[in-house]
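Asker: Below, each chain spelled out in residue letters.
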Amino acid sequence: MQGHRMNRRYFLKVSGAAAAVAGTGLEGILATGRAPAWAQGTKLHIVRWVDFIKEADVELKRQAPEASKALGAEVVFEFINFNDLQPRITAAIQSGAGADIIMMLYNWPHLYASGVVDVSDIAEPIGKAQNGYYDVFQATARVGGKWLAVPHGVVGNAVAYRRSWHNEIGAKEFPKTWDEWREVGKKLKAKGKPVGQALGHSAGDPPTFSYPLLWSFGGAEVDKSGKKVVINSKETLESVKFMQAFWNDACDEGGAAWDDTNNNRAFHAGEISATLNGASIYIVAKRTKDKIKDERGEPMFQDIEHAALLPKGPAGQFALYVPFQHAIMKYSKNQKLAKDFLKWLHAKENYEKWFQVNEGYNVGPTKVWEEHAMWSKVDKPLQVFRQAVRQSRMLGYPGPASAKTTEAYTKYIIVDMYAKAVTGTKAEDAVQWADGELKKIYEKA
Amino acid sequence: MKNSVIGGAGGAARVEVALPHPGATQHRALTRFLENERLLATLLLAPTVALLGLFIAYPFVMGVWLSLSSTSVGNPGTFVGLQNFVRAWNDSIFRTAFWNTSVYTFWATIFKLTLGMWLALLLNRHFRGKRLVRASMLLPFIVPTVLSTFAWRWMFDPTFSVLNWTLYQTGIITTKLPFLSDGTWALSCAILINTWRGMPFFAITLLAGLQTINPDLHEAASLDGANGWKRFWHVTWPLLKPVTIVVVVFSVIQTFSDFQLIYVLTGGGPANSTHLLATYAYQIGVATGLLGEGAAISLFMLPVLFIVVWIQLRYLRRLEGA
Amino acid sequence: MLIERRWKKWVYFYIPLTLFVIGTLFPFYWMAVTAFRPDHELYRSWRAVNNTPFWTLNPTLAHFQDLMAKTTFPRWLWNTFFIAVVSTAISLFCGLLAGYALARLRFPLAGMLGTSIFVTYLVPPTLLFIPLADIIRNFQLGNTPWALILTYPTFLIPFCTWLLMGYFKTIPRELEECARIDGATRFGAMVRIIFPIAVPGILSAGIFAFTLSWNEFIYALVFLFSPERKTVPVGVVSELIRGDIYFWGQLMAGALLGSVPVALVYSFFVEYYVTGLTGSVKG
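Residue numbers (numbering that gives the first Met the number 0), protein chains in the order written: chain W, 0 to 444; chain D, 0 to 321; chain X, 0 to 282.
Isolated chain W (complex conformation) (with noise of 0.2 Å):
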């Protein structure tokens, strides 16, 4: 009798270690129906910027509890301010302690090259699936042919601007060239109402429109092999003395001060006709319409329309887009445990669900996404970002994206080339300045 007994709950010791060594990894979780086991208290930490759309976020949550099932650990988001994104990351990477997985914008995967895991097996294969991905994650998730983080997201911006108000001025259609929009805007601002820039210290609205107004006059910071310093040219300087007299003729002056966040709140309050931005403006506009109202007191969001790229200069029209990724941390005790959920993050069915909460405010990494059903439901104004990421370039254009050009941009170079240009400095001047400042940056050892 006892030998069978002992027999029987052998046999299932060694079923069930059977089980538990199979059970690993998500190939695991098919074959056995079972969540692995992980040891007990496991928690992947996983830090996003707290997003535009709170739905967005809210998802996300909502999504945490399901994949901690499926992985049998605790999934935990944490949702911080973009600007802390950065600084995060380094006290994180140099006290060798803190999340799993960070959320990276642009091509900061290049600046924390030494800090993070190589993720090759787990992004190259959702690329294949989905498509591949865009051009712009070449750039900046991929260091070395290696990939360095998983893609996740693109925002993009467009111009949000009051359709009726321009109606009234003569103007049907968005200005297709800068000097048609300083015309434009300087009708508006002659009636109270002018274009709102950014051109603060801030991680988002002031690069996205700054970069693309330099390389639609032909400007660029580094030359293609990405070691001679270039801004220093005719073509930088047409650049930042149309801005000087665009931002007379028809921006709001307050602008400089401005960081990611004033130019939604002026727009929600009729001070402004156009500004670039995400979809933030329409989309918030839409979700709080007995709340956000113009001044005839009907919901905003049915005047906005979206003009889909910054107009066109003589060397082009450019767009600057906001890809980003996730990263697994090399400090991390789960490294596994995160490549496991980002593997599950990208399923279809569990991406999907994010993605139509975005309405096009945040969009795919990779191309299939711009088949999905979402996109004929969208209200027309949101249409323009389908497709969109495919013109976008990367910083440090038209060189390689390297850590270089994420510490020019940290150093908001460009972006403050312009503010000076429009706070009194001569244009001469501040190209010079950043021509200087972008020599000490590229050209030392």
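Hints in this document: simulated from the structure, not taken from any laboratory.
Treat the hints with care, as some may be off.
Simulated crosslink set (SDA-like; lysine to any residue; CA at most 20 Å straight-line) [unchecked claim]:
#: 1; chain 1: W; residue 1: 186; chain 2: W; residue 2: 247
#: 2; chain 1: W; residue 1: 329; chain 2: D; residue 2: 75
#: 3; chain 1: W; residue 1: 443; chain 2: D; residue 2: 76
#: 4; chain 1: W; residue 1: 145; chain 2: W; residue 2: 129
#: 5; chain 1: W; residue 1: 288; chain 2: X; residue 2: 22
#: 6; chain 1: D; residue 1: 129; chain 2: X; residue 2: 21
#: 7; chain 1: D; residue 1: 229; chain 2: X; residue 2: 191
#: 8; chain 1: D; residue 1: 175; chain 2: D; residue 2: 161
#: 9; chain 1: W; residue 1: 68; chain 2: W; residue 2: 343
#: 10; chain 1: W; residue 1: 443; chain 2: D; residue 2: 91
#: 11; chain 1: W; residue 1: 376; chain 2: W; residue 2: 343
#: 12; chain 1: W; residue 1: 425; chain 2: D; residue 2: 94
#: 13; chain 1: W; residue 1: 443; chain 2: D; residue 2: 80
#: 14; chain 1: W; residue 1: 425; chain 2: W; residue 2: 252
#: 15; chain 1: W; residue 1: 285; chain 2: W; residue 2: 377
#: 16; chain 1: W; residue 1: 332; chain 2: X; residue 2: 140
#: 17; chain 1: D; residue 1: 240; chain 2: D; residue 2: 121
#: 18; chain 1: D; residue 1: 175; chain 2: W; residue 2: 252
#: 19; chain 1: W; residue 1: 347; chain 2: W; residue 2: 374
#: 20; chain 1: D; residue 1: 129; chain 2: X; residue 2: 22
Take the given structure of chain W and dock chains D and X to it, following the hints.
Answerer: Same frame as chain W, but now just chains D and X:
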């Protein structure tokens, strides 16, 4: 021989006059005392030395090493000598930050001193509600700086500023004042807020100093025919100088290394016009991850502070010696 | 004669005092109005009609409620209070002992030690916090209140020491001499005679230390990151600015709640504070 001061406010670092110990019979006891003193002193100073040693001295040395290396986030650096310092000195943003910090500290200190002194003189009188007023004057100092700076930021907001609204409604201005959008205005606003916040510290400390001044001296002076201003200049001010200098020293140190106010108010903008050394060091070291360069920028503060403080303390010692 | 003196009193006393009070307290009034103002009034254009920036006819407690219920603000208040109290206690303890030693005892290196304690005050926090992050990590204190409780005394002790040193110097030596003649040890005399007399100075230093800890930002920003561990300054800045929106109503409510209680406590102690400072500045 008493060591206390009659009728005046002294300074903190006076040399002690030793009490004469009577007789040689206490020679043995004296030795015991001295022995005890050293042991006791070591004991008493141990916790302080331990804490400060571990959490300031050691990190300071590490910080200095950082500044002499090319460390960046995640990459332990190599020794590069004074390269970071040279780079900082050649960096125009650094020079701007240095200049801003000096201007900011200079003007804020002057305003705080003048207004603080004035307020202290006012509060030194007796009037109804004296206690309440004194307590409420401390409020700007008590409120966490970030929170009060937010309130000010809201008051200076480019779009919704209440100050602009008031001035506009009363017809004084026709367009918005660029409180935070113009470089010079922004720095002036920062100085204003710093003055607002720091003046109570000056006022209360100077008030304490004023209260140590014997009123008889004022009586005597006014009997001699001196009016208010003369009395202040010739009686009050000399006696108040030591306290003033100490307060100024502490204030200068705090203001020169100020971080919170600018970080919350403008983040260093517009176009670096309000960047201070501390905020720039933070931006370079932490935000950009160039730890070596950030440490070098922070270290630049040290010699300046040292010189300023040394000069003032020398002056203080001279005052006390006289 | 009487009229002239009255006029003088008004011009030289009442008016300036009133101006000071208004100038100092206006921002608090503003904070209060914003904290009680409903959202739809907060974001109106400055040129809108019926704009009443100085008062609101629809006061609401919504911001306070949201602050207490939807954020971890009460937790932050507690954290900040706990950290401030313990840091102050540690600093006072060290400052008392060190201040006495430097003021009263003679021993080699006294001058140098005194100066070096003061010099540590000059070291800027922006230099220290990266190396400190390493130390904190080695002791595994990251993200705990102890990281702050042990680092705050670094800037509190020098000031407490100076304050108490000055205070001690005003206390006549005879008191200790008498006690020692009566058989007390130096240490006993210090604790039983000197410290009680120095209570105003201790209160003064304590209040000052508490204020500085309550107010500290950069170390708290770098060493704490979980929302429930944060202190009030860091929590408010990082949690009440969500992406696009500054929750001004809640921010100001937080500012009020984060300062008024402390101010109330201070109003009881302010006389002690002044007396304490008086003693120390005399020395």
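Asker: Is the straight-line distance between the alpha-carbon of residue 129 (chain D) and that of residue 21 (chain X) 20 Å or less?
Answerer: It holds: about 15 Å lies between the C-alpha atoms, which stays within 20 Å.
Asker: Checking one constraint from the list: CA of residue 332 (chain W) to CA of residue 140 (chain X), max 20 Å. Satisfied?
Answerer: Since the Cα atoms of residue 332 (chain W) and residue 140 (chain X) sit roughly 18 Å apart, the hinted pair holds (cutoff 20 Å).
Asker: Can the restraint linking residue 425 (chain W) and residue 94 (chain D) be considered satisfied, given a maximum Cα separation of 20 Å?
Answerer: 19 Å, holds
Asker: Residue 175 (chain D) and residue 161 (chain D) were given as a pair; does the straight-line alpha-carbon distance stay at or below 20 Å?
Answerer: With Cα atoms ~11 Å apart, residue 175 (chain D) and residue 161 (chain D) stay inside 20 Å; holds.
Asker: Assess, step by step, whether the Cα of residue 129 (chain D) is no farther than 20 Å from the Cα of residue 22 (chain X), and give holds or violated.
Answerer: 17 Å, holds
Asker: Is the straight-line distance between the alpha-carbon of residue 285 (chain W) and that of residue 377 (chain W) 20 Å or less?
Answerer: Measuring from Cα to Cα gives roughly 12 Å; hence the hint holds.
Asker: Does residue 247 (chain W) lie within 20 Å of residue 186 (chain W) when you go C-alpha to C-alpha?
Answerer: Given pair residue 186 (chain W), residue 247 (chain W) holds - Cα atoms ~12 Å apart, limit 20 Å.
Asker: Keeping to a limit of 20 Å between CA atoms, is the pair of residue 329 (chain W) and residue 75 (chain D) held or broken?
Answerer: 15 Å, holds
Asker: Next pair to validate is residue 68 (chain W) with residue 343 (chain W); report whether the Cα-Cα distance is within 20 Å.
Answerer: Roughly 11 Å between the alpha carbons, so the hint for residue 68 (chain W) and residue 343 (chain W) holds.
Asker: Is residue 240 (chain D) close enough to residue 121 (chain D), meaning Cα to Cα at most 20 Å?
Answerer: Between residue 240 (chain D) and residue 121 (chain D) the Cα gap is close to 18 Å, so the pair holds against 20 Å.
Asker: Please verify whether residue 376 (chain W) and residue 343 (chain W) have alpha carbons no more than 20 Å apart.
Answerer: Violated, because 26 Å separates the two Cα atoms, which is more than 20 Å.
Asker: Could you grab the alpha-carbon distance between residue 425 (chain W) and residue 252 (chain W) and see if it respects the 20 Å cut-off?
Answerer: 17 Å, holds
Of the hints listed earlier, those the structure fails to meet are numbers 5, 7, 11, in rising order.
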